[in-house]
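Here the protein sequences come in this chain order: B and Y. Counting from 1, one number per residue, gives the positions in the first sequence under this note's numbering. Counting from 1, one number per residue, gives the positions in the second sequence under this note's numbering.
For the record, the hints were derived by calculation from the structure and aren't laboratory data. C-beta: ideal position from N, C-alpha, C; glycine also. Wrong hints could be hidden among the right ones.
Claimed, not checked - Covered stretches of chain Y (in silico footprint by chain B; criterion: 3 or more residues with CB under 8 Å from a CB of chain B, positions within the stretch not fixed): (1) 27-37; (2) 82-94; (3) 139-149.
Said to hold, decoys possible - One-sided and incomplete, this derived list gives chain Y residues near chain B with beta-carbon spacing under 8 Å: (4) Lys201; (5) Ile204; (6) Leu239; (7) Asn240.
Number of protein chains: 2
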Amino acid sequence: MKKDCNIAFIGAGNVAVNLAVALYNKGYNIVNVTSANIVSARKLSEKINAVCDANSTDYSNLKVEADIYIIAVTDTVLAEISKSLQLNNKIVLHTSGSTNMNILKNATENYGVLYPLQTFSKEELIDFKDIPVCIEANNNNTLEVLKAIAGKITNKVCLINSEQRKILHIAAVFASNFTNFMYLKSKELLELHNLDFNLLKPLIKQTAEKIENRNPEDVLTGPARRNDEIIIKSHLEYLNQNPEMHHLYQILSEQIIKFYYKS
Amino acid sequence: MKKDCNIAFIGAGNVAVNLAVALYNKGYNIVNVTSANIVSARKLSEKINAVCDANSTDYSNLKVEADIYIIAVTDTVLAEISKSLQLNNKIVLHTSGSTNMNILKNATENYGVLYPLQTFSKEELIDFKDIPVCIEANNNNTLEVLKAIAGKITNKVCLINSEQRKILHIAAVFASNFTNFMYLKSKELLELHNLDFNLLKPLIKQTAEKIENRNPEDVLTGPARRNDEIIIKSHLEYLNQNPEMHHLYQILSEQIIKFYYKS
Numbered sequence: 001m002k003k004d005c006n007i008a009f010i011g012a013g014n015v016a017v018n019l020a021v022a023l024y025n026k027g028y029n030i031v032n033v034t035s036a037n038i039v040s041a042r043k044l045s046e047k048i049n050a051v052c053d054a055n056s057t058d059y060s061n062l063k064v065e066a067d068i069y070i071i072a073v074t075d076t077v078l079a080e081i082s083k084s085l086q087l088n089n090k091i092v093l094h095t096s097g098s099t100n101m102n103i104l105k106n107a108t109e110n111y112g113v114l115y116p117l118q119t120f121s122k123e124e125l126i127d128f129k130d131i132p133v134c135i136e137a138n139n140n141n142t143l144e145v146l147k148a149i150a151g152k153i154t155n156k157v158c159l160i161n162s163e164q165r166k167i168l169h170i171a172a173v174f175a176s177n178f179t180n181f182m183y184l185k186s187k188e189l190l191e192l193h194n195l196d197f198n199l200l201k202p203l204i205k206q207t208a209e210k211i212e213n214r215n216p217e218d219v220l221t222g223p224a225r226r227n228d229e230i231i232i233k234s235h236l237e238y239l240n241q242n243p244e245m246h247h248l249y250q251i252l253s254e255q256i257i258k259f260y261y262k263s
Numbered sequence: 001m002k003k004d005c006n007i008a009f010i011g012a013g014n015v016a017v018n019l020a021v022a023l024y025n026k027g028y029n030i031v032n033v034t035s036a037n038i039v040s041a042r043k044l045s046e047k048i049n050a051v052c053d054a055n056s057t058d059y060s061n062l063k064v065e066a067d068i069y070i071i072a073v074t075d076t077v078l079a080e081i082s083k084s085l086q087l088n089n090k091i092v093l094h095t096s097g098s099t100n101m102n103i104l105k106n107a108t109e110n111y112g113v114l115y116p117l118q119t120f121s122k123e124e125l126i127d128f129k130d131i132p133v134c135i136e137a138n139n140n141n142t143l144e145v146l147k148a149i150a151g152k153i154t155n156k157v158c159l160i161n162s163e164q165r166k167i168l169h170i171a172a173v174f175a176s177n178f179t180n181f182m183y184l185k186s187k188e189l190l191e192l193h194n195l196d197f198n199l200l201k202p203l204i205k206q207t208a209e210k211i212e213n214r215n216p217e218d219v220l221t222g223p224a225r226r227n228d229e230i231i232i233k234s235h236l237e238y239l240n241q242n243p244e245m246h247h248l249y250q251i252l253s254e255q256i257i258k259f260y261y262k263s
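Take these sequences, add in the hints, and give me the full structure.
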């Protein structure tokens with residue numbers, strides 16, 4: 001697959017923006033951006049010198065001419081778009097963690113998945129170099145195209161099937177989304193008492209860095225890890241004013257104690 | 001307080017080792033290490049050129065001569081030691097996040113707290129430079145000594161009272177211990193399916209880095225953030241085989257949805 005093949009993006013959200021810019025920076029022609037969100041589509045197309053096709057939300061009538069179509073939209077919308085697309089033998093890819101590749105089978109003869117295992121924001125574009133990009137395709141030719149594309153933006157191209165990708169996605173929800181929610185709850189608690197969330201940032205950084213070369217189970221510390229019933233009880237009493245944090249604290253402490261002392 | 005004042009450590013665990021080595025490296029004389037764990041006490045005292053007093057677990061009879069005594073032990077043991085210590089007008093400090101300063105009031109006339117807000121391992125010693133060290137003392141003289149000591153090892157000396165320290169500690173449990181447990185659960189799930197935990201490491205790193213300059217509530221992504229009922233349901237169905245992760249996934253997703261859509 002030549003590097004100057006034409007790519008069309010359907011979607012202009014966090015994943016689409018990061019992926020489209022990364023591909024554009026590696027020399028790919030992004031010819032078109034289609035999205036139900038006109039503002040987002042325009043912003044993205046300006047960044048990557050593409051045509052913005054913001055009115056084209058009737059995907060059965062997609063007039064864009066490209067070699068590869070990358071659908072980077074939320075999963076609910078992905079199901080709808082997949083049903084209406086008719087792209088014959090063009091390559092069609094989606095970027096979803098938990099949607100089976102076969103959702104694209106009625107849209108084309110050549111389809112696959114390009115799932116970058118990362119949390120993205122439009123506001124802070126990411127270098128894909130060390131990000132695992134999980135790929136899967138329904139035939140060898142499409143897989144070779146996918147390998148070439150993914151290999152241009154990252155050193156970590158992984159062949160991952162739909163079942164494995166779903167497991168990775170669930171694990172990522174724990175390792176990233178739920179972790180972020182822990183940061184959020186700790187910030188809420190501090191701010192309620194006029195304490196500065198910045199105080200926790202060296203701790204958060206160190207907690208993430210610790211597991212780069214060591215196992216999470218070997219570096220966990222704190223009251224539950226020590227099975228320190230007195231401190232756990234005093235924290236729970238304190239959190240009586242905050243039922244949601246109380247609930248989380250109790251369940252997580254129980255599971256930590258069970259992991260270290262009862263299994 | 002002159003820098004060559006003599007410090008004695010009671011305790012030789014993660015906090016004691018990191019703190020004692022940091023103080024030693026800044027020129028303080030650590031004269032003695034006392035611990036119920038003889039092996040740990042010996043290892044630490046060798047590192048910092050101190051006398052190991054491993055038999056001295058009868059603290060009422062502590063024979064060590066020092067200017068400052070730092071008790072860095074688990075909270076249960078801290079309560080016992082505080083009761084038995086008799087150190088008159090010597091400075092006695094503890095390092096606990098959730099124990100009131102006043103637990104030391106029968107041990108001496110001059111007491112306080114030196115609580116470094118970080119997760120420590122003996123295996124990987126930490127530079128205290130950017131770590132918030134929370135201090136509190138029962139009188140001004142002791143507070144000045146504490147400021148001088150803490151200021152030698154960190155740029156972030158914080159005056160924090162016992163009530164605030166407890167809140168910080170609870171927030172730290174969420175931001176560090178529970179976060180680490182999320183890493184642990186995601187690793188467990190991947191390994192059950194022969195997938196490599198290393199795949200998640202760039203994501204974990206980025207999740208922590210994202211909040212260095214932005215609010216956690218502004219950068220959270222994932223199915224619950226999008227209120228994507230179909231994916232949440234499919235993940236929960238998948239986790240039916242794993243009741244603990246199922247329980248966590250459900251509660252955390254509910255709380256995230258409530259935070260973004262119902263408050």
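Quick rundown of the hints versus the structure:
Here's how the region 27-37 of chain Y fares: 0 of its residues keep a CB closer than 8 Å to some CB of chain B, so the rule of at least three is not met and the hint is violated. Coverage of the region 82-94 of chain Y by chain B is violated [criterion: at least 3 residues with CB-CB distance below 8 Å; count 0]. With a threshold of 8 Å between beta carbons, the proposed coverage of the region 139-149 of chain Y by chain B is violated, since 0 of its residues qualify and at least three are required. For Lys201 of chain Y, the interface hint holds, the least distance from its beta-carbon to any beta-carbon of chain B being 6 Å, beneath 8 Å.
Contact between Ile204 of chain Y and chain B, as hinted, is supported at the beta carbon level, the nearest pair being about 5 Å apart and thus within 8 Å. Against a cut-off of 8 Å between C-beta atoms, the interface hint on Leu239 of chain Y holds, since the closest Cβ of chain B lies about 7 Å away. Residue-level restraint check for Asn240 of chain Y is violated (minimum Cβ-Cβ distance to chain B is 12 Å; threshold 8 Å).
Hint compliance for this structure: hints 1, 2, 3 and 7 are not met, and every other hint is.
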